[in-house]
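There are 2 protein chains.
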Amino acid sequence: MQTTYGNLFHNLPLDRSAKVVDLLHQRAGLKIERIISNGQASPPGFWYDNPQEEWVLLLSGAAALTLEGKAAQHIMHPGDWLHIPAHCRHRIEWTDAGQPTVWLAVHHPIDPP
Amino acid sequence: MQTTYGNLFHNLPLDRSAKVVDLLHQRAGLKIERIISNGQASPPGFWYDNPQEEWVLLLSGAAALTLEGKAAQHIMHPGDWLHIPAHCRHRIEWTDAGQPTVWLAVHHPIDPP
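Chains A and B supply the protein sequences, listed in that same order.
Throughout the first sequence, residue numbering follows our numbering, covering 1 to 113 in sequence.
Throughout the second sequence, residue numbering follows our numbering, covering 1 to 113 in sequence.
Be careful, since some hints might not be right.
Derived SDA-like pairs: lysine to any residue, alpha-carbon spacing no greater than 20 Å straight-line [said to hold, decoys possible]:
hint : chain 1 : residue 1 : chain 2 : residue 2
1    : B       : K70       : A       : Y5
2    : A       : K19       : A       : A62
3    : A       : K31       : B       : D80
4    : B       : K31       : A       : A28
5    : B       : K31       : B       : T4
Just so you know, the hints here were simulated from the structure itself, not pulled from any lab data.
Construct the entire structure; sequences and hints are all you get.
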């Protein structure tokens with residue numbers, strides 16, 4: 001099997017009107033993605049509710065999340081990582097409007113019971 | 001289940017005499033680690049030969065790897081990621097001597113046949 005490689009800051013999408021997701025690596029149950037946000041946020045009233053767990057790392061830009069049941073927003077800056085358990089409802093309140101926010105996201109199943 | 005979080009650039013080890021590995025997240029077969037190198041390299045003649053696959057991202061500093069069978073070194077700068085298949089023998093030739101090299105490593109099993 002060949003190695004694959006790339007750079008998370010290269011080939012940033014020119015169209016900044018939507019969030020862009022690139023699949024970097026995939027195996028049974030595991031998915032590693034680069035996500036680029038350009039000021040996008042979750043629509044009012046929308047909550048992510050994922051059946052898989054998610055581990056995210058913010059590499060550039062900034063963002064604020066709301067995690068259901070927590071009053072304070074969770075602000076993220078470069079180097080910040082966050083593990084979001086399955087079915088932990090969350091929203092993106094804002095992402096940096098002045099520069100691309102580059103995320104790495106690792107999606108993986110819950111441990112077998 | 002609670003969220004967990006941290007920052008990859010915080011709490012860098014003061015002792016720069018050895019490579020330091022911190023486990024950030026673990027599930028069945030999946031391990032996410034922060035690795036800090038401070039100029040360390042693989043000993044002469046040593047090759048990593050891992051039964052698991054590894055996906056690595058370099059966040060600060062720099063490094064050069066040799067992948068068995070490839071003549072040219074694989075140089076890595078911030079934002080560079082590399083997927084190393086299971087049993088792809090490789091060595092770290094050098095890491096930045098002037099600053100910590102911060103890596104994210106995702107270890108995961110080979111796909112079931």
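Quick rundown of the hints versus the structure:
A distance of roughly 14 Å separates the Cα atoms of B/K70 and A/Y5; the hinted pair therefore holds under the 20 Å criterion. Among the hinted pairs, A/K19 with A/A62 is consistent with the structure: their alpha-carbon atoms are about 14 Å apart, no more than 20 Å. Restraint check for A/K31 and B/D80: the C-alpha separation of about 18 Å stays at or below 20 Å, so the hint holds. For the proposed pair B/K31 and A/A28, the alpha carbon gap of about 15 Å is at most 20 Å, so the pair holds.
Under the criterion of a C-alpha separation no larger than 20 Å, the hint pairing B/K31 with B/T4 is consistent with the structure, at around 15 Å.
Against the hints set out earlier in the document, no violation occurs for any number.
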